[in-house]
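Sequence lines, in order, name chains A and B.
Sequential numbering of the first sequence, starting at -15, is according to the numbering used here.
Sequential numbering of the second sequence, starting at 220, is according to the numbering used here.
It is possible that part of the hints are untrue.
In silico DSS-like links for lysine-lysine, alpha-carbon gap of 30 Å or less [to be verified]:
#: 1; chain 1: B; residue 1: LYS271; chain 2: B; residue 2: LYS260
#: 2; chain 1: B; residue 1: LYS263; chain 2: B; residue 2: LYS286
#: 3; chain 1: B; residue 1: LYS286; chain 2: A; residue 2: LYS54
#: 4; chain 1: B; residue 1: LYS263; chain 2: A; residue 2: LYS10
#: 5; chain 1: A; residue 1: LYS88; chain 2: B; residue 2: LYS260
#: 6; chain 1: A; residue 1: LYS88; chain 2: A; residue 2: LYS10
#: 7; chain 1: A; residue 1: LYS10; chain 2: B; residue 2: LYS241
#: 8; chain 1: B; residue 1: LYS228; chain 2: A; residue 2: LYS54
#: 9; chain 1: B; residue 1: LYS228; chain 2: B; residue 2: LYS238
#: 10; chain 1: B; residue 1: LYS260; chain 2: A; residue 2: LYS40
#: 11; chain 1: A; residue 1: LYS54; chain 2: B; residue 2: LYS241
#: 12; chain 1: B; residue 1: LYS260; chain 2: A; residue 2: LYS10
#: 13; chain 1: A; residue 1: LYS54; chain 2: B; residue 2: LYS238
#: 14; chain 1: A; residue 1: LYS54; chain 2: A; residue 2: LYS88
#: 15; chain 1: B; residue 1: LYS238; chain 2: A; residue 2: LYS53
#: 16; chain 1: A; residue 1: LYS54; chain 2: B; residue 2: LYS259
#: 17; chain 1: B; residue 1: LYS286; chain 2: B; residue 2: LYS228
#: 18; chain 1: B; residue 1: LYS271; chain 2: B; residue 2: LYS290
#: 19; chain 1: B; residue 1: LYS228; chain 2: A; residue 2: LYS10
#: 20; chain 1: A; residue 1: LYS54; chain 2: B; residue 2: LYS260
#: 21; chain 1: B; residue 1: LYS290; chain 2: B; residue 2: LYS238
#: 22; chain 1: B; residue 1: LYS263; chain 2: A; residue 2: LYS88
#: 23; chain 1: B; residue 1: LYS263; chain 2: A; residue 2: LYS40
#: 24; chain 1: B; residue 1: LYS241; chain 2: B; residue 2: LYS290
#: 25; chain 1: A; residue 1: LYS53; chain 2: B; residue 2: LYS228
#: 26; chain 1: B; residue 1: LYS238; chain 2: B; residue 2: LYS255
#: 27; chain 1: B; residue 1: LYS260; chain 2: B; residue 2: LYS290
#: 28; chain 1: B; residue 1: LYS259; chain 2: B; residue 2: LYS286
#: 29; chain 1: A; residue 1: LYS53; chain 2: B; residue 2: LYS271
#: 30; chain 1: A; residue 1: LYS88; chain 2: B; residue 2: LYS255
#: 31; chain 1: B; residue 1: LYS290; chain 2: A; residue 2: LYS53
#: 32; chain 1: A; residue 1: LYS54; chain 2: A; residue 2: LYS10
#: 33; chain 1: A; residue 1: LYS10; chain 2: B; residue 2: LYS238
#: 34; chain 1: B; residue 1: LYS238; chain 2: A; residue 2: LYS88
These are calculated hints, taken from the structure and not from any lab test.
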Amino acid sequence: SQQGEEDPQALSIQEGENATMNCSYKTSINNLQWYRQNSGRGLVHLILIRSNEREKHSGRLRVTLDTSKKSSSLLITASRAADTASYFCATGLNQAGTALIFGKGTTLSVSS
Amino acid sequence: DTAVSQTPKYLVTQMGNDKSIKCEQNLGHDTMYWYKQDSKKFLKIMFSYNNKELIINETVPNRFSPKSPDKAHLNLHINSLELGDSAVYFCASSQAPEGRVNGYTFGSGTRLTVV
């Protein structure tokens, strides 16, 4: 069953602008992860945030997690054309016999 | 030095055929996965192995059979291919289940087209 829902489905911005993507989920989680997928390629792990963390940074990426609202956001600052890709959130439940459950993704287009 | 490699990258075949997709990882990870990505980019877990033992077997047709000869390899065999099997199949691996240490490493995918 699908756990994460990204919002918006598609986002178009200019180079230099910030891009914000949101993810909502339904059940309690152990961790939430964000992945990037360039067209025709595999997914690349960007960042992992645990349920007891509220914010994490990695370079131009900032991820927040609000477990009371069951939501997370990914902020990409100073976007570049190379950031054009689909971005997926994935939730981990830390239960036996489970795997990451992915959302449907946000397609980001950054134009120069 | 590819971390997770899948072969073939593209696979075009006729309905009713049997085909296999191979996956190998050189990261020393214990857990491997097969995901299916449909035309709307939705990723769905199919199978997961931890150190050669099957730990996840989602509701997929039994025409799909995974095989893990050792913890570095996870292959996917598909019998009697149907049009609806057309998708991109991704192999992934992780150090810990659910990638709860540092995420998954994905292969580049196998685009399967059934005609």
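We went through each hint and held it up to the structure:
1. About 28 Å separates the Cα atoms of LYS271 (chain B) and LYS260 (chain B), which keeps this hinted pair within 30 Å; it holds.
2. At most 30 Å may separate the alpha-carbon atoms for a hinted pair to count; LYS263 (chain B) and LYS286 (chain B) meet this at roughly 19 Å.
3. Among the hinted pairs, LYS286 (chain B) with LYS54 (chain A) is inconsistent with the structure: their alpha-carbon atoms are about 36 Å apart, more than 30 Å.
4. For the hint linking LYS263 (chain B) to LYS10 (chain A), the alpha-carbon distance of about 17 Å falls within 30 Å, and the restraint holds.
5. Between LYS88 (chain A) and LYS260 (chain B), the direct Cα distance comes to roughly 6 Å. Compliance with the 30 Å bound is thereby established for this hinted pair.
6. Note on LYS88 (chain A) and LYS10 (chain A): the hinted pairing holds, with a Cα-Cα distance of about 14 Å set against a maximum of 30 Å.
7. Annotation: proposed proximity of LYS10 (chain A) to LYS241 (chain B) is violated, straight-line Cα distance about 34 Å (limit 30 Å).
8. A threshold of 30 Å between alpha carbons decides the hint, and for LYS228 (chain B) with LYS54 (chain A) the separation of about 37 Å lies outside it, so the pair is violated.
9. For the proposed pair LYS228 (chain B) and LYS238 (chain B), the alpha carbon gap of about 13 Å is at most 30 Å, so the pair holds.
10. Pair hint LYS260 (chain B) plus LYS40 (chain A) holds up; C-alpha atoms about 26 Å apart against a cutoff of 30 Å.
11. At roughly 37 Å between alpha-carbon atoms, LYS54 (chain A) and LYS241 (chain B) are farther apart than 30 Å, so this suggested pair is violated.
12. Proposed proximity of LYS260 (chain B) and LYS10 (chain A) is supported: the alpha carbons are some 20 Å apart, at most 30 Å.
13. Proposed proximity of LYS54 (chain A) and LYS238 (chain B) is contradicted: the alpha carbons are some 41 Å apart, above 30 Å.
14. A C-alpha spacing of about 16 Å is found between LYS54 (chain A) and LYS88 (chain A), which places the hinted pair at or below 30 Å, so the restraint holds.
15. As the CA atoms of LYS238 (chain B) and LYS53 (chain A) are separated by approximately 44 Å, the hinted pair breaks the 30 Å bound.
16. For the hint pairing LYS54 (chain A) with LYS259 (chain B), the CA-to-CA distance comes to about 24 Å; that is within 30 Å, so the pair holds.
17. The suggested pairing of LYS286 (chain B) with LYS228 (chain B) holds, with an alpha-carbon distance near 19 Å, which does not exceed 30 Å.
18. For the proposed pair LYS271 (chain B) and LYS290 (chain B), the alpha carbon gap of about 5 Å is at most 30 Å, so the pair holds.
19. Annotation: proposed proximity of LYS228 (chain B) to LYS10 (chain A) is violated, straight-line Cα distance about 34 Å (limit 30 Å).
20. Restraint check for LYS54 (chain A) and LYS260 (chain B): satisfied, since their Cα atoms lie roughly 23 Å apart, inside the 30 Å limit.
21. Note on LYS290 (chain B) and LYS238 (chain B): the hinted pairing holds, with a Cα-Cα distance of about 22 Å set against a maximum of 30 Å.
22. Straight-line distance between C-alpha atoms of LYS263 (chain B) and LYS88 (chain A) comes to about 10 Å, which keeps the hinted pair within the 30 Å bound.
23. Between the alpha carbons of LYS263 (chain B) and LYS40 (chain A) the distance comes to roughly 27 Å, so the proposed pair stays at or under 30 Å and holds.
24. Proposed proximity of LYS241 (chain B) and LYS290 (chain B) is supported: the alpha carbons are some 13 Å apart, at most 30 Å.
25. Distance restraint check for LYS53 (chain A) and LYS228 (chain B): the Cα-Cα separation of roughly 40 Å exceeds the 30 Å cut-off, and the hinted pair is therefore not satisfied.
26. Between LYS238 (chain B) and LYS255 (chain B) the CA atoms are separated by roughly 15 Å; this keeps the pair inside 30 Å, and the hint holds.
27. For the hint pairing LYS260 (chain B) with LYS290 (chain B), the CA-to-CA distance comes to about 28 Å; that is within 30 Å, so the pair holds.
28. A C-alpha spacing of about 27 Å is found between LYS259 (chain B) and LYS286 (chain B), which places the hinted pair at or below 30 Å, so the restraint holds.
29. For the hint linking LYS53 (chain A) to LYS271 (chain B), the alpha-carbon distance of about 38 Å lies beyond 30 Å, and the restraint is violated.
30. Straight-line distance between C-alpha atoms of LYS88 (chain A) and LYS255 (chain B) comes to about 13 Å, which keeps the hinted pair within the 30 Å bound.
31. Between LYS290 (chain B) and LYS53 (chain A), the direct Cα distance comes to roughly 38 Å. Violation of the 30 Å bound is thereby established for this hinted pair.
32. This hinted pair checks out: LYS54 (chain A) and LYS10 (chain A) have alpha carbons roughly 7 Å apart, not beyond 30 Å.
33. A threshold of 30 Å between alpha carbons decides the hint, and for LYS10 (chain A) with LYS238 (chain B) the separation of about 37 Å lies outside it, so the pair is violated.
34. For the suggested pair LYS238 (chain B) and LYS88 (chain A), the alpha carbons sit about 28 Å apart, so the restraint of at most 30 Å is met.
The structure fails hints 3, 7, 8, 11, 13, 15, 19, 25, 29, 31, 33 (numbered hints given earlier, in ascending order).
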